[in-house]
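There are 2 protein chains.
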Amino acid sequence: MASRHGLLIILSSPSGAGKSTLARRLRDWDPDIRFSVSATTRPPRPGEQDGREYFFRTPEEFNAMVKAGAMLEHAEVFGNLYGSPAAPVQAAISAGQDVLFDIDWQGGQQVRETSLGNLHALSIFILPPSIAELEQRLRSRGQDDDAVIATRMRKSRDEISHWAEYDYVLVNDDLDATFARLQTIVSAERLRRSQQPDLVEIVRRLNSEFEERS
Amino acid sequence: MASRHGLLIILSSPSGAGKSTLARRLRDWDPDIRFSVSATTRPPRPGEQDGREYFFRTPEEFNAMVKAGAMLEHAEVFGNLYGSPAAPVQAAISAGQDVLFDIDWQGGQQVRETSLGNLHALSIFILPPSIAELEQRLRSRGQDDDAVIATRMRKSRDEISHWAEYDYVLVNDDLDATFARLQTIVSAERLRRSQQPDLVEIVRRLNSEFEERS
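Chains A and B, in that order, give the protein sequences. To convert a position in the first sequence, counted from 1, into our numbering, add 51. To convert a position in the second sequence, counted from 1, into our numbering, add 51.
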């Protein structure tokens, strides 16, 4: 098997559309897929560990990283700063591992426009089958009160309005079917010429063979 | 299942690399995949039927089609004219059928640059595992004498030099494995946003739901 460049996989959706479940399934399928761990200035919630759910940073530390160009993307959401540190992503991609970004459209735009050498960003948007279903999923989590849910629903509408910026858009009306499509997409994108650094050497060898014949 | 736009699938390789076998397997897998039938000015060989292997045309007829913009691509090869008539391709794509072009790099370039409305061209190049193997496959057909084989080998080298213009490049060292990759690629490309005309309506419906809530 030829070595390959890792993919940047941008996965966006309104919350409640199944994105996190799909991301976890992708990693169950291929444990080599890395999740980009975001840095944030929001305080840790009970049970959250620095470097696992998030890198917890002070606003000063966060802004210093942005200034140093060490963030692939960053944004303020609900009054807190969030961003994707570039260094772990570059390390994984070079090692032939895909990196999955579970981010919103703002982050998606920034990662897509980033230029980290040979990086190929693949973007996928997950749509809910209906808004009623989306709200139902948010409520069934039982985490949020009505006001928070109303805020999330407004954000969902904004999020969905950016569907046309993505390479692939999947309607998650059936989790197994949607996951199968996701697997197919990731498998195919890994086969792209741009992801296969060994091709240059393979073609060089074929050309040497032609030379030897003539 | 949502309706979709058909794909233009450009398949190129030096002769003997397994392209025709792979194309046939694709159609066995999905009989809805159409092969673009080329027009040519070369005379029919025994057993060839007009409209099946080729549309056989006089040079005058052929050039009139080019002048009328009715060819997606055309080129002169070994003294004969070859081209891909646009009309059957447009009809198939609109009906949601993929059209496969078994063409060389010149044709591939022209089809890729064509602008027929919503057409998404997907290009795949098949490399042989070695040049010795390529020559072996040409010789084992028993169709051609040494001079013809030498000409084909020169054309193969020229063909291979264009590998980097393709979206995907597959080394055909194992027919079953290469075909499985081809299936994955075609399946994924069909899922692209650009191929899913129904998404606009789906998002419109989600937005109406948001409106009704507020």
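Please note that a few of the clues may not be correct.
Pairs involving identical chains hold if they fit within one copy or between any two copies, as the list cannot separate such chains.
List of simulated lysine to aspartate or glutamate pairs, DMTMM-like, C-alpha gap at most 20 Å [claimed, not checked]:
#1 K118 x D224
#2 K206 x E216
#3 K206 x E262
#4 K70 x E262
#5 K206 x E260
#6 K118 x E252
#7 K70 x D224
#8 K206 x D79
#9 K206 x E263
#10 K118 x D249
#11 K118 x D225
#12 K70 x D225
#13 K70 x D83
#14 K206 x E111
#15 K206 x D249
#16 K206 x D155
#17 K118 x D196
#18 K118 x E260
#19 K70 x E263
#20 K206 x E99
#21 K70 x D101
#22 K118 x D218
For the record, the hints were derived by calculation from the structure and aren't laboratory data. Only a predicted model underlies this, so the values are computations on that prediction, with no experimental measurement involved.
So, going through the hints one by one against the coordinates:
1. In this homomeric assembly, K118 and D224 never come within 20 Å of each other (Cα to Cα): the closest approach is 42 Å inside a single copy and 49 Å across copies.
2. With identical chains, the CA atoms of K206 and E216 are at most 20 Å apart within one copy only, with a shortest distance of 17 Å there and 41 Å across copies.
3. Proximity of K206 to E262 under the C-alpha cut-off of 20 Å is restricted to the inter-copy arrangement: shortest distance 14 Å between copies versus 61 Å within a copy.
4. Proximity of K70 and E262 under a CA criterion of 20 Å is satisfied in neither setting, with 52 Å inside one chain copy and 24 Å between copies.
5. Within a single copy, K206 and E260 get their C-alpha atoms only as close as 59 Å, which misses the 20 Å cut-off; across copies the closest is 15 Å, which meets it.
6. For the homomeric pair K118 and E252, neither the shortest alpha-carbon distance inside one copy (39 Å) nor that between copies (42 Å) is at most 20 Å.
7. When the C-alpha separation of K70 and D224 is checked against a cutoff of 20 Å, the pair qualifies only within one copy, where the shortest distance is 12 Å, while the shortest distance between copies is 37 Å.
8. For the homomeric pair K206 and D79, neither the shortest alpha-carbon distance inside one copy (29 Å) nor that between copies (46 Å) is at most 20 Å.
9. Within a single copy, K206 and E263 get their C-alpha atoms only as close as 63 Å, which misses the 20 Å cut-off; across copies the closest is 16 Å, which meets it.
10. For the identical chains of this complex, K118 and D249 are neighbours neither inside a copy (36 Å) nor across copies (42 Å), given an alpha-carbon limit of 20 Å.
11. Neither within a single protomer nor between protomers do K118 and D225 lie at most 20 Å apart by alpha-carbon distance, with minima of 43 Å and 50 Å respectively.
12. In the homo-oligomer, the alpha carbons of K70 and D225 lie at most 20 Å apart inside one protomer (13 Å), although the nearest pairing across protomers, at 36 Å, exceeds that limit.
13. When the C-alpha separation of K70 and D83 is checked against a cutoff of 20 Å, the pair qualifies only within one copy, where the shortest distance is 19 Å, while the shortest distance between copies is 33 Å.
14. Taking the shortest Cα distances, K206 and E111 never come within 20 Å of each other, neither inside one copy (27 Å) nor across copies (62 Å).
15. Taking CA atoms no more than 20 Å apart as the test, K206 paired with D249 passes in neither setting, with 43 Å inside one copy and 24 Å between copies.
16. Only within a single protomer do K206 and D155 lie at most 20 Å apart by alpha-carbon distance; the minimum there is 10 Å, versus 49 Å between protomers.
17. Within a single copy, K118 and D196 get their C-alpha atoms no closer than 37 Å, and across copies no closer than 68 Å, so neither meets the 20 Å cut-off.
18. Taking identical chains as interchangeable, the C-alpha atoms of K118 and E260 are never at most 20 Å apart, the minima being 51 Å within one chain and 41 Å between chains.
19. With identical chains, the CA atoms of K70 and E263 are never at most 20 Å apart, being 54 Å at best within one copy and 25 Å at best between copies.
20. Taking the shortest alpha-carbon separations for K206 and E99, neither the intra-copy value of 24 Å nor the inter-copy value of 62 Å comes in at or below 20 Å.
21. In the homo-oligomer, the alpha carbons of K70 and D101 never lie at most 20 Å apart, since the shortest distance is 22 Å inside one protomer and 52 Å across protomers.
22. In the homo-oligomer, the alpha carbons of K118 and D218 never lie at most 20 Å apart, since the shortest distance is 30 Å inside one protomer and 36 Å across protomers.
This entry does not satisfy hints 1, 4, 6, 8, 10, 11, 14, 15, 17, 18, 19, 20, 21, 22, going by the numbered hints stated previously.
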